[in-house]
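Participant: Chain residues, written in single-letter form:
Number of protein chains: 2
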Amino acid sequence: MIENTTISQQDILIKMVLDAWHAKVSQLDKLLTALSDEQLLQEVAPGRNRGVYLLGHLITLADSILPLLGYEKLAPHLWEPFVHTPDKKNGDLPGVNELRHEWVKVKTAVAEKITAISPNEWFQKHTAVSEADFAKEPHRNKLNVVLSRLSHVDYHLGQLQFLKPR
Amino acid sequence: MIENTTISQQDILIKMVLDAWHAKVSQLDKLLTALSDEQLLQEVAPGRNRGVYLLGHLITLADSILPLLGYEKLAPHLWEPFVHTPDKKNGDLPGVNELRHEWVKVKTAVAEKITAISPNEWFQKHTAVSEADFAKEPHRNKLNVVLSRLSHVDYHLGQLQFLKPR
Numbered sequence: 001m002i003e004n005t006t007i008s009q010q011d012i013l014i015k016m017v018l019d020a021w022h023a024k025v026s027q028l029d030k031l032l033t034a035l036s037d038e039q040l041l042q043e044v045a046p047g048r049n050r051g052v053y054l055l056g057h058l059i060t061l062a063d064s065i066l067p068l069l070g071y072e073k074l075a076p077h078l079w080e081p082f083v084h085t086p087d088k089k090n091g092d093l094p095g096v097n098e099l100r101h102e103w104v105k106v107k108t109a110v111a112e113k114i115t116a117i118s119p120n121e122w123f124q125k126h127t128a129v130s131e132a133d134f135a136k137e138p139h140r141n142k143l144n145v146v147l148s149r150l151s152h153v154d155y156h157l158g159q160l161q162f163l164k165p166r
Numbered sequence: 001m002i003e004n005t006t007i008s009q010q011d012i013l014i015k016m017v018l019d020a021w022h023a024k025v026s027q028l029d030k031l032l033t034a035l036s037d038e039q040l041l042q043e044v045a046p047g048r049n050r051g052v053y054l055l056g057h058l059i060t061l062a063d064s065i066l067p068l069l070g071y072e073k074l075a076p077h078l079w080e081p082f083v084h085t086p087d088k089k090n091g092d093l094p095g096v097n098e099l100r101h102e103w104v105k106v107k108t109a110v111a112e113k114i115t116a117i118s119p120n121e122w123f124q125k126h127t128a129v130s131e132a133d134f135a136k137e138p139h140r141n142k143l144n145v146v147l148s149r150l151s152h153v154d155y156h157l158g159q160l161q162f163l164k165p166r
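From first to last, the protein sequence lines are chains Y and A.
According to the working numbering, the first sequence is numbered sequentially starting from 1.
According to the working numbering, the second sequence is numbered sequentially starting from 1.
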């Protein structure tokens, strides 16, 4: 009885984190539908990142979930312009339309992979932590990768929101 | 052996969510230290909420964790001006200094309460869900309250950040 209870609590917690991820993805999707390409080319606030930069940044950060779970990235070419390089210093960027497509590709792949991961696998170490460190810090597991990326999406969603007229 | 493993996974997940909460609180603390009262009185972007409004809003949302866990709110008077009423329509607001004090009071109370909750209690229903609904939706538990508030803090942290000069 105790065992059943604890196993079911584990499933519930995984569901909480994954549901939160899917909800964030939907929120970004909704915002992207509401914003025109022209709006996405504007700065979210004077002197700050443009919408297109934050979109590329969020695609890259979602894509970076994949290698931490043991899969290949789909859009490694976006890392340099959208993470390593600040906005407006990054030369020729992919067009907004291309980024919208990359977002669909990446979010779909992430959704597929996270749906297929078993409850116990979520508690295994992610690929960027050593066995020795993981033994001391078991919270550095695969589920924590999704939890931390989630926080990153929210942070920039609050900013992207400013592209919508009041 | 299986039982031990699952119990420990449960503890790990609770730690992940609570650590994330504490990390967000520290991030907001750091930002509040960096910003002067004058800066907090500015709009985060033209025509958007002022820093002081977002601060009051975040205090209120953190405070609203308490009743969902079964405790009393510390700052119920902030709900009307900082959640129900939009910024700049809310008349006489508490001063920035008073809000800084309220934040310390609320974050300290939340930290104390969440530290005292036992692993199994995190999986009990929060106070705003009925027994019948909880039976169908067991993810509406106390830990999910913290998880969802976490997301809210991130959303506005990304905006408050704009008050810092580049």
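If you're looking for bench data, these hints aren't it; they were derived computationally from the structure.
Keep in mind that the hints are not guaranteed to be accurate.
Derived Cβ-Cβ restraints for the label pairs, each shown as a range [to be verified]:
(1) S8/Y x A116/A: 33 to 39 Å
(2) P86/Y x E131/A: 50 to 56 Å
(3) E72/Y x H101/A: 49 to 55 Å
(4) G91/Y x A132/A: 54 to 60 Å
For each residue, glycine too, the CB sits at the ideal point set by N, CA and C.
Participant: For this structure, which hints from the list above don't hold up?
Facilitator: 1
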